[in-house]
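**Q** The residues making up each chain are set out below.
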Amino acid sequence: MQGIVGYGAYIPRNRIKVEEIAKVWGADAPSYKRGLMLEEKSVPSPDQDTITMSVEASKNALKRAKIDPAEIGAVYVGSESHPYAVKPSGTVLAEALGATPEAHTADLEFACKAGTEGMYVALSLVKAEEVKYGLAVGADTSQGAPGDALEYSAAAGAAAFIFGKENIVAKSIKTYAFMTDTPDFWRREYQYYPQHGGRFTGDPAYFRHITGAANGIMDKAGMKPADFDYVIFHQPNGKFPLRAGKMLGFQREQIEPGWLVNLLGNTYSGSSPLGLTSTLDISKPGDIILLVSYGSGAGSDAFIFEVTDRIDEVRELAPKTRDLLVKNRNYLEYGEYAKFRHKIRKAE
Amino acid sequence: MPTPSRYWREIPQRYRFETNQCTKCKVKFFPPRLICPECKNQDLQKAKIEEKGKLLTYTIIRVPPHQYVDQAPYAVGIVELDDGVKLTGQVVDCDFDDIKIGMRLKLEFRKIYQEGDSGILCYGYKFVPE
Amino acid sequence: MREVAVIGTGMTKWGELWEKSLRTIFVETALLALKDAGVDKIDSMYVGSMSSGLFVGQEHIASLLADYLGQTPVPSARVETACASGGLAFKLGFMEVASGMSDVVLVSGIEKMTDVNGHEATFALGTAADQEYEGYHGITFPGLYALIAMAHMEKYGTTREQLAMVAVKNHKNGAKNPLAQFPFEITVDMVLNSVMVADPLRILDCSPITDGAAAVMLCPVEMARKMGKPVVKVVGMGHATDTIALSSRKDITWLEATYQAGKRAYEMAGKKPEDIDVIEVHDCFTIAEICVMEALGIVEKGKGGKAVEEGLTALEGKIPVNASGGLKSKGHPVGATGVAQIIEITKQLRGESGERQVENAKVGMTQNMGGSGGSAVVHIFEKE
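Top line first, the protein sequences correspond to chains D, X and W. In this text, residue positions in the first sequence follow the numbering used here: the first is -6, and each later residue adds one. In this text, residue positions in the second sequence follow the numbering used here: the first is 3, and each later residue adds one. In this text, residue positions in the third sequence follow the numbering used here: the first is 2, and each later residue adds one.
The reader is advised that the hints may include incorrect statements.
In silico DSS-like links for lysine-lysine, alpha-carbon gap of 25 Å or less [claimed, not checked]:
(1) W:K173 / W:K319
(2) W:K14 / X:K102
(3) D:K164 / D:K313
(4) X:K108 / W:K156
(5) X:K48 / D:K320
(6) X:K102 / D:K56
(7) X:K102 / D:K59
(8) W:K36 / X:K102
(9) X:K113 / D:K56
(10) W:K302 / X:K108
(11) X:K108 / D:K320
(12) X:K88 / D:K313
(13) W:K251 / W:K234
(14) X:K102 / X:K48
(15) D:K320 / X:K50
(16) D:K80 / X:K108
(17) W:K273 / W:K177
(18) D:K52 / X:K28
(19) D:K320 / X:K28
(20) X:K48 / D:K56
(21) D:K158 / D:K56
(22) W:K319 / W:K251
(23) W:K251 / X:K56
(24) W:K173 / X:K28
(25) W:K273 / W:K14
(26) D:K336 / D:K277
Please keep in mind that the hints were generated in silico from the structure rather than gathered at the bench.
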């Protein structure tokens, strides 16, 4: 039996409100807030990136796992905003934690599901007894083009999971992956901002793969929505995960604890993983959790976890996701936000 | 500013806070040295510094060196960690008005700076409120 | 060891000398010193310069300047200990004459700082700090002294106004110095309203970026006596180091290297703080002058701010500090400062300081400091 041995989150403290962005572009803030079910999003400081957030989230996971980092045999960072185009984020993370030199690492990308990809691989290596512990992180500091709809939601955050076979906090019951070639959202090399297919990103993309993966894993496990205590879907905006839940037959209360997007924004590779850390923070022994990620391009990874007694021991050992979400917030104006996000072109 | 080798050499200190300590007088110092600055003993053992401490003094840098122009203004302070080791670092994640001598801080992993658009990314530690 | 005297001085106006290169500035001042001494051949030369490499891309200036002064094949050395490079050059020149190795030695200091922009200059000056554990985190030279100022204000209650008074006093003196970069008076209000550089230090608390050089000639005292000028002897010399990183100091508010260098100089000269009539100290920042006065034992620890406020160190005060205008008003071409301090004291002891003359100055002292106090060189001079 294998599962999550430690989990940790990291969210930067800066925020920008929808109204502040709408003001600059002459957009109607209330309709964006309604349409996206979004109030504000997190913004990384210039000294924060996928690597720095991965390190802090992983350190939080280590606090809960209580293991010697040298025993981590695999380190995967999933992101669509790796700081280097060529040179892994994983090596810096592994070095910072003290997992080097005996560890396998790879940087993963698959739009917003790169984090769960890492989880899928790390979990599988542990299951195969290839490594004792595997670490997977979903982290992003993604960009939305100025004035584009994505600018309201593109946010920053990281979630880390350490998988192992001993002292499990949440057992892995089933895993499943559902994937097709669907060009709903993409970024070409050397382009600074991504592009998307507008309304094409809805039914044929997000909803098709989320429901495909959710139904697929429930079939495989012989379970129905009512069998789960909690479900977490990828959260590109506030509406999509709630609609997905309705389509599949889940109740709002099952979705709430992992639904962070209205105050956090879309943390891309960190989105559903942070929903999971937030849910684990409030879970009880015996709770069954379904996690379904989504990455444009497109695909969804699904996991079923069962929480063990150990959750009561480890919950308080590191910062809770909701605390990181609402405590010590620092609100930015658009100018400072644009400076932080390198949207202002300076002289060479 | 650091070449790849100069940056890489300091990784154990900047990423993992590794240092050494005198086996005779037990004084811990950071970064590590070959000879104890107190008793001159050359027999030293590995150690790690504590990650929390209190602020001894600080300033706000408003006229930065050229590699830090985009970061200014930023606060820099000297912190005395709970094991007595003192070190210099930026103080971030709090408003300048909230910085007070004596406040409790802890180390956090951050990007220190980057060498233009094509150079290496340099990481290390900064202080955030505890 | 022979007794050594200063027999010639040479200095030109300091400032942003756009038309003059490093070599031109050096040669002009060196020629003045040779003329003042009445010699045209030297046995050896020392040049203090913090970073001709970073400022003008030129190393090997020992030979460059010996060449341009027309003195090759004279042995020449360029020495560096950050902002105390000038003082260090003097120490080595003094030792070469005292040891009997040479008779006539030229000691000079020079820095050409305006060929790079402000941020590059800030970086170059910052190399006096610990690059991996201070500079790496974005600290600057003013930043280091600001850390000292904050701690001093917290520990001893030194006030922002007292810091400003140091700059005001030095400008008052510098206004009477025709060679100073900023020969005009300022007020406490002007200091307190000037732009902030590194809290709490404002631009008027900071010595400026300056181009300039200063040169002196040394020879044995017996030779000096035959030259018809008042003989100014070097009677005390002290040189000491401290940790390079401010965070490694036991007491952030105390300048241990200056204390040690001062102690050794006092011992060698057989003098005490009360015996000194006039002093030139390293006021790279206003707080530095306050800390130096404490470290040299001129005032009690922590009382430096009060002393300035009470006028102890004014030109008319009990112990005039920085009659030249100090680094603040005179300027601070880094490597040249230490030598310029010695020129001021030499002239004071010779009675050649005009409007800035300190009455009956018989014993004078210079204190030159590097980085955030990591090195200090102190000399004591006496008129024969």
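**Q** Quick check: which numbered hints come out false for this structure?
**A** 2, 5, 6, 7, 8, 10, 12, 13, 14, 15, 16, 17, 18, 19, 22, 24, 25 and 26
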